[in-house]
Amino acid sequence: MAKNEIKYLTAIKTEKRAKKFCRFKKYGIKYVDYKDAEFLKKFLNEQGKMLPRRITGNSLKFQRKVSEAVKKARQMAILPYVTDLLK
Amino acid sequence: MVIWQKALTFAAQLIFLFNKSGIMNNYELMVIFTPVLSEEDYKAAQKKFIDLVTANGGELVNSNPWGLKSLAYPIQKKTTGLYWVMDYKAPSDFNEKLKIQLLRDDNVLRHMFTVLDKYAVEYNNKKRSGVPTGTEKVEA
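Protein sequence lines correspond, in order, to chains A and B.
Per my numbering, residue 1 is the first one in the first sequence, and the count goes up by one each step.
Per my numbering, residue 88 is the first one in the second sequence, and the count goes up by one each step.
Don't take each hint at face value.
Here are the computed lysine to any residue pairs in the SDA-like style, where the Cα-Cα straight-line distance is at most 25 Å [claimed, not checked]:
#  : chain 1 : residue 1 : chain 2 : residue 2
1  : A       : 35        : B       : 109
2  : B       : 184       : B       : 92
3  : A       : 72        : B       : 142
4  : B       : 156       : A       : 36
5  : A       : 71        : B       : 131
6  : A       : 49        : A       : 23
7  : A       : 35        : B       : 131
8  : A       : 71        : B       : 112
9  : A       : 41        : B       : 157
10 : A       : 30        : B       : 203
11 : A       : 41        : A       : 23
12 : A       : 61        : B       : 213
13 : B       : 205       : B       : 110
14 : A       : 72        : B       : 158
15 : A       : 65        : B       : 131
16 : B       : 164       : B       : 154
17 : A       : 41        : B       : 208
18 : B       : 156       : B       : 217
I should point out that these hints are in silico values taken from the structure, not numbers from a laboratory.
Please work from the sequences and hints to get the whole structure.
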């Protein structure tokens, strides 16, 4: 009998969380448009705050561009600064 | 000696051409007009700024009136606004002149200039001709 055979009392977790990816890199989007409110809303939470990279998986380059676009949209009253129930 | 002279005249020609053509940059202007404007006034206001662009050696690429749209928050106690987006090419010192005119105009609630890089120009062209830009595929 092999010595290094390990037996677990409970089954080990095998399911792996899907790897996050940058949507801009994957879909080849090079420019983030501040005029497209519906698109920008995908990167906002319900209060109209920006979601962190930790959650969206954006690369730093595009997170920066998204943030610029969101700020522009807010200035031009396309997106609200503060709100409840954006979606 | 001859080569040097040739090089110098060539450089002079280049500088001459450079000054003559001038550098044109791509810009985008978004304006929110007051919602009280009539249809004709709305068009006249647009034309006023378009004329200003062409008069100052600029070139209009695209003019897109969005029409009446509700604002995300009130501006000057108004809850709606007439949006207008204009793409144009202009020399770099032009925007300051245009800005003065925009600030003087009482019909303008708010305006914003955007410098367009090559990707932005490409994106706008695609959007205008209805080619998918890739943003549709992104799910929340």
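Taking the hints in turn, this is what the structure says about them:
Taking the CA atoms of residue 35 of chain A and residue 109 of chain B, the gap is about 30 Å. The hint is violated against a cut of 25 Å. Straight-line distance between C-alpha atoms of residue 184 of chain B and residue 92 of chain B comes to about 41 Å, which puts the hinted pair past the 25 Å bound. The straight-line distance between the Cα atoms of residue 72 of chain A and residue 142 of chain B is roughly 28 Å, outside the 25 Å bound, and the hint therefore fails. Between residue 156 of chain B and residue 36 of chain A, the direct Cα distance comes to roughly 14 Å. Compliance with the 25 Å bound is thereby established for this hinted pair.
Straight-line distance between C-alpha atoms of residue 71 of chain A and residue 131 of chain B comes to about 30 Å, which puts the hinted pair past the 25 Å bound. Under the criterion of a C-alpha separation no larger than 25 Å, the hint pairing residue 49 of chain A with residue 23 of chain A is consistent with the structure, at around 19 Å. A C-alpha spacing of about 24 Å is found between residue 35 of chain A and residue 131 of chain B, which places the hinted pair at or below 25 Å, so the restraint holds. At most 25 Å may separate the alpha-carbon atoms for a hinted pair to count; residue 71 of chain A and residue 112 of chain B meet this at roughly 23 Å.
A hinted pair counts as satisfied when its Cα atoms are at most 25 Å apart, and residue 41 of chain A with residue 157 of chain B qualifies at roughly 17 Å. A C-alpha spacing of about 12 Å is found between residue 30 of chain A and residue 203 of chain B, which places the hinted pair at or below 25 Å, so the restraint holds. The suggested pairing of residue 41 of chain A with residue 23 of chain A holds, with an alpha-carbon distance near 14 Å, which does not exceed 25 Å. Distance check on the hinted pair: residue 61 of chain A and residue 213 of chain B sit about 22 Å apart at the alpha-carbon level, within 25 Å; holds.
Only pairs whose Cα atoms come within 25 Å are accepted, and residue 205 of chain B paired with residue 110 of chain B is accepted, the gap being roughly 15 Å. In summary, the hint linking residue 72 of chain A to residue 158 of chain B is supported, as the alpha carbons are separated by about 14 Å, within the 25 Å threshold. Taking the CA atoms of residue 65 of chain A and residue 131 of chain B, the gap is about 35 Å. The hint is violated against a cut of 25 Å. At roughly 19 Å between alpha-carbon atoms, residue 164 of chain B and residue 154 of chain B fall within 25 Å of each other, so this suggested pair holds.
The hinted pair formed by residue 41 of chain A and residue 208 of chain B meets the criterion: a straight-line CA distance of about 23 Å does not exceed 25 Å. Pair hint residue 156 of chain B plus residue 217 of chain B holds up; C-alpha atoms about 22 Å apart against a cutoff of 25 Å.
In summary, the structure is inconsistent with hints 1, 2, 3, 5 and 15 from the numbered list given earlier, while agreeing with the others.
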